[in-house]
Amino acid sequence: MNGTTSAWRRWPVIASMVILAVYLMLALAGTFLGDQANVADVTRTLRPPSAEHLLGTDGEGRDVLSRVSVGAGISIMLAAISVALGAAGGLIVALACGLGARWLDRVLMAPMNAVLAFPQLLLAMAIAIALGSGLTSAVIGIVVTIIPVFAVTLRGEALRSRSEAFVEAATTIGLPRWRIALRHVVPYLGTTMTVQIAANFGSAVITLAALSYVGVGARPPTAEWGAMINDGLQHAVSGQWWVGVAPGIALLGLVIAVNIFTDQVRARRRPAGW
Amino acid sequence: MFRDIRQRLLASAVTIVLASFVSFVVLRALPGDPARLIAGPLAGPETLAATRSSLGLDRPFFAQYGQFLWNFVRGDWGYSFSVGDEVREALTSRLTATLELALYAFVLAVVGALVCASVASFRPGFRRGLVRLFALVGLGSPPFWVGLVLIVVFSSYLGWWPGPSGRLSPQLYPPEPVTGFYTVDFALHGDLIGVSDSAAHLVLPVVSLALLPWAFLTRLLTANMADTAGQPYILVVRSKGVPAWRTHVRHVLANSLLPTVSSCGLILATLITGSVLVETVFNWPGVGAMLTEGISAQDFALVQSFILLSAILYVVGNLVGDAVNRMIDARLRTPGAAR
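Keeping their order, the protein sequence lines are chains R and A. Residues in the first sequence are numbered from 1 upward in steps of one, following our numbering. Residues in the second sequence are numbered from 1001 upward in steps of one, following our numbering.
If you are wondering where the hints come from, they were derived from the structure by calculation, not from laboratory data. Ideal placement from N, C-alpha and C gives every residue a C-beta, glycine not left out. Each hint should be verified, as a subset may be incorrect.
Here are a few chain A residues that sit away from chain R, every Cβ distance over 12 Å (derived from the structure) [claimed, not checked]:
(1) Phe1021
(2) Ser1053
(3) Gly1056
(4) Gln1067
(5) Gly1075
(6) Glu1089
(7) Pro1177
(8) Ala1187
(9) Arg1219
(10) Trp1245
(11) Leu1257
(12) Glu1293
What the simulated footprint calls covered on chain A by chain R, stretch by stretch (three residues with Cβ under 8 Å from a Cβ of chain R suffice, anywhere in the stretch; the number is not a length) [unchecked claim]:
(13) 1014-1020
(14) 1117-1125
(15) 1136-1145
(16) 1149-1155
(17) 1269-1280
(18) 1308-1321
Please construct the entire structure, taking both the sequences and the accompanying hints into account.
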């Protein structure tokens, strides 16, 4: 844990944490709003930002700010679920590959590499279409594309851990393999996990929005950022910029905060890069 | 060296075969019935059964996969009911529009990254901060949203460039096709109005498409250049009296290019997915927009061919990147040294 404290004191980490906290509050406000954000009102369509509607209203008279905050909840929650499932799946595969028999490694890594051969978004898209569009399908699509990312990076670390003294020692005193894996190798993978989780969270938020944007994620009334940007596209040309720009800025801010955090954790491990 | 390359080729071939299996499994074997999708929600059981057997869906699983693979290799990629044409025809007919977009975006991203990374890694300060900030924003922005913002600012508000109106203004006719690239074809015919109009239509989509690969490459290259700049041999070059900027370009940049070259596959991937996301924003009549339409129509044949083709392109891109690296860098040629 050397150097941890000094790195955590650096301001970019604090700044990104503050931004993330703001997003969580926004999302919390969004959950209280719930379906209220989807109530259309034809008497106030496409109003520009004002004191009453801070980010204006969209083509159906819904308040853009409320929808953005509902979208924050959806994005954060679903990205977190996708990354958690993907990380768990990838970890299991990595432990089996890194610590298990050689044949198991080969058998498991082949499909991982096959999935990695696809551009991530396209495969997620195909999976989501095959399962029938909806947010659940989108999450499954993202999870399937994330698992191999974790599996490959963590497998390398797990293989390296085998030659570490503490693993050899644990093997020598005759601990069962699962115990070595859980108590000794998993903590060893911790930092790599953190970096990967943060990095994949950011990309999961973007992928989710992209899936909804092309129409395989959230269905129309749902206040998902990607779907909102798609909706805002038709108003962009005619000058009602706030409909599409606002959810995008929300997304951008979240991803940037997460990426800054990722960079800082990564820099703590490898000082030269950024 | 050749043994090494042969091994890489073999591994890539295996990956492509497995990828074809994945794409087959995803779109045929998962719940969801292609026959139902093609026949429509109102079709009766007989129609469904007929559609199913005409698609070969009543045959055993591996027979279906074998058939799919064989058809794919032969170039028979199935019928796209959303376009109303053979998938291969549909894809090739709209390929040049995408290629024109992607090629300009590629050049912009690479040149931009080379310049920005060189400037950013030269010395710390304002410029480095600015490039970092832009790269951070670029990495976080979904390409379709960038397109929307560019339309709002440069088309609706400033009126500098045309908005989402495809490749040409409506009053112009497309040029006689020679290369399929409007800018090049107009230039070949000496039509300056056509050149400027098609170029103006390219600006915003190209920038939205290039932003992500630019940001990615800039970050990668800047990190590598910062690493290289600290190497002892750079100090030697400087102490021989070579000017700082010249050292930076001739020695630091040149020695930091390898990871950039080998990320070739990844750049291809960002361009492919980017074109899917950006083309719809600008009504660009390319393959990406066609795929998006195919997605909303749940056109399995089209989507399947597209993702399999992009996987092949991605794998080949990685292979080419590695091969080029090997040609540039003698250290990688020793067998066993490379991974």
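When the structure is checked against the list of hints, which entries are broken? Sort them ascending. 1, 9, 12 and 14
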